[in-house]
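Turn these sequences into a full structure, and let the hints guide you.
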Amino acid sequence: MTLEEFVSLFAEQFDDTPAEVFTPETKYSTLDEWGSLVALSVISMVDEEMDKSVSGSELKKCSTIEELYNLIEAK
Amino acid sequence: MAELSIKHVKIRGIAACVPERVEENKDYTRIPQEEIEKYIQTTGVVRRHCAIHDGSICTSDLCQKAAEKLIADLGWSKDEIGLLVFVSHTTDYRLPATACVLQDKMGITKNCLAFDITLGCSGYLLGMGTVGSIVQNGTIKKALVMVGNTQSEYASYEDRSMYLLLGDAGTVTALEYTEDDDYDQMDFSYMTDGSGRASVIVPDGGSRNPTNAHSFEYEDCGDGIRRTRLHEKMDGTDVFSFAMFNVPRNFKALSERINLDKEKVDYMLIHQANKFLMEKLRKKLGFEPEKCPYNIHEFGNTSGATIPLLMVTNLKKELESRPLTLCMTTIGVGFSLGSGCIHTNKIIVPDLMYL
Numbered sequence: 062m063t064l065e066e067f068v069s070l071f072a073e074q075f076d077d078t079p080a081e082v083f084t085p086e087t088k089y090s091t092l093d094e095w096g097s098l099v100a101l102s103v104i105s106m107v108d109e110e111m112d113k114s115v116s117g118s119e120l121k122k123c124s125t126i127e128e129l130y131n132l133i134e135a136k
Numbered sequence: 106m107a108e109l110s111i112k113h114v115k116i117r118g119i120a121a122c123v124p125e126r127v128e129e130n131k132d133y134t135r136i137p138q139e140e141i142e143k144y145i146q147t148t149g150v151v152r153r154h155c156a157i158h159d160g161s162i163c164t165s166d167l168c169q170k171a172a173e174k175l176i177a178d179l180g181w182s183k184d185e186i187g188l189l190v191f192v193s194h195t196t197d198y199r200l201p202a203t204a205c206v207l208q209d210k211m212g213i214t215k216n217c218l219a220f221d222i223t224l225g226c227s228g229y230l231l232g233m234g235t236v237g238s239i240v241q242n243g244t245i246k247k248a249l250v251m252v253g254n255t256q257s258e259y260a261s262y263e264d265r266s267m268y269l270l271l272g273d274a275g276t277v278t279a280l281e282y283t284e285d286d287d288y289d290q291m292d293f294s295y296m297t298d299g300s301g302r303a304s305v306i307v308p309d310g311g312s313r314n315p316t317n318a319h320s321f322e323y324e325d326c327g328d329g330i331r332r333t334r335l336h337e338k339m340d341g342t343d344v345f346s347f348a349m350f351n352v353p354r355n356f357k358a359l360s361e362r363i364n365l366d367k368e369k370v371d372y373m374l375i376h377q378a379n380k381f382l383m384e385k386l387r388k389k390l391g392f393e394p395e396k397c398p399y400n401i402h403e404f405g406n407t408s409g410a411t412i413p414l415l416m417v418t419n420l421k422k423e424l425e426s427r428p429l430t431l432c433m434t435t436i437g438v439g440f441s442l443g444s445g446c447i448h449t450n451k452i453i454v455p456d457l458m459y460l
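The listed protein sequences correspond, in order, to chains B and S. According to the numbering used here, the first sequence is numbered sequentially starting from 62. According to the numbering used here, the second sequence is numbered sequentially starting from 106.
Hints are not guaranteed to be accurate.
Said to hold, decoys possible - Just so you have them, the derived chain S footprint on chain B, three or more residues with Cβ under 8 angstroms: (1) 92-98; (2) 117-130.
To be verified - Selected chain S positions facing chain B (in silico; Cβ < 7 angstroms): (3) T147; (4) D340; (5) G341; (6) T342; (7) D343; (8) F345; (9) S346; (10) M349; (11) F350; (12) K385.
As the list claims (entries may be wrong) - Pairs of lysine-lysine, DSS-like flavour, derived with a Cα cap of 30 angstroms: (13) K88/B with K380/S; (14) K121/B with K389/S; (15) K380/S with K136/B; (16) K451/S with K183/S; (17) K121/B with K143/S; (18) K369/S with K115/S; (19) K143/S with K122/B; (20) K369/S with K421/S; (21) K88/B with K143/S.
No wet-lab data here; the hints were simulated from the structure. Think of the CB as a built atom: it goes at the ideal place given N, C-alpha and C, for glycine as much as any other residue.
What follows is the structure in structure tokens.
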């Protein structure tokens, strides 16, 4: 999966935040809508689309979407 | 995977009891109604049966009420029950074992092996596997597996993620040895990963962190959540991520070992943790919605009791009237995981009881 595709799938997990807000540099935990429910959706998306497991603490550790992407791709 | 294969045991009956008292999630006052509705939609929990935790109703009381009725309906004598196992995280005392208390209060013969297993959500699978393994020896003929929790006790009112989720219930399953080949084959697969122990924990009150003056102080945990170190703390995202990865692996190991034909499975009972996780797991495990009953809207997450409670509330008629092949899978505190496949053949199932 490319970084671009990942950013777009990441954006789909949000109901209220518009898709154009999301770039590889987006610091997702600073978004108003970010919370445990969106985090669960991201974990689930990573599982379904990439067949990889990302943990809650990894989501907390990463800052930008690109950082998260690189961490998952390296697994 | 740790595997158990149990023969020469029959499941004779199952019963459950919940507190009469109901808490409606919509009545929760600490977050806006809109947020409560979203929470209910995601977790599936509309209301929960919860005891008032003043010692008047303990898990053992719920299990006892269920067991008294089941024993009566089975026509068993209390003199012939040779094994009583109580599986719970909410015991009457730190010591003695609650199983010993129940032996006496219920008047079960003193010629009885009774002990507790401390486990949460995976408790039913662990209890059935342990008791089934003992009973298949043939030296103990009749046994009771009591599984329950009144863990709403551990939820801080100011921690919505726990408070709106947890319900209380007590259950009992009656197992009997049979020499003949008409036994109800039971198979289980287990996994344990204690590295996740901090993900679901009551930090203080045990021997590691004895209760002290600071145990009662409320800590600000962010996101408007406050709790003490005597409350249950759960990192929901960690549990979710662990479950999504490991539950399918655990169930797959069981399926492959027993050559499970999914078409022949009457029901797949998924631990009633929360609707969001259950739906994801159902899809990953590959079962149609019709085969996966839910009751989480009425009872919340009752920990180890969810599967036997679900059997009583949703499958009573079928359990009583025809042979069933039931698969089940659980993940919980520990982390402790279990998947199982059991068979029943017209067992006794009293109506759900209230206390």
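Here is what the structure says about each hint:
| no. | hint | in the structure |
| --- | --- | --- |
| 1 | 92-98 | holds (count 3) |
| 2 | 117-130 | holds (count 3) |
| 3 | T147 | holds (6 angstroms) |
| 4 | D340 | holds (6 angstroms) |
| 5 | G341 | holds (5 angstroms) |
| 6 | T342 | holds (3 angstroms) |
| 7 | D343 | holds (4 angstroms) |
| 8 | F345 | holds (5 angstroms) |
| 9 | S346 | holds (5 angstroms) |
| 10 | M349 | holds (5 angstroms) |
| 11 | F350 | holds (4 angstroms) |
| 12 | K385 | holds (6 angstroms) |
| 13 | K88/B with K380/S | holds (29 angstroms) |
| 14 | K121/B with K389/S | holds (25 angstroms) |
| 15 | K380/S with K136/B | holds (29 angstroms) |
| 16 | K451/S with K183/S | holds (22 angstroms) |
| 17 | K121/B with K143/S | holds (23 angstroms) |
| 18 | K369/S with K115/S | holds (20 angstroms) |
| 19 | K143/S with K122/B | holds (27 angstroms) |
| 20 | K369/S with K421/S | holds (19 angstroms) |
| 21 | K88/B with K143/S | holds (25 angstroms) |
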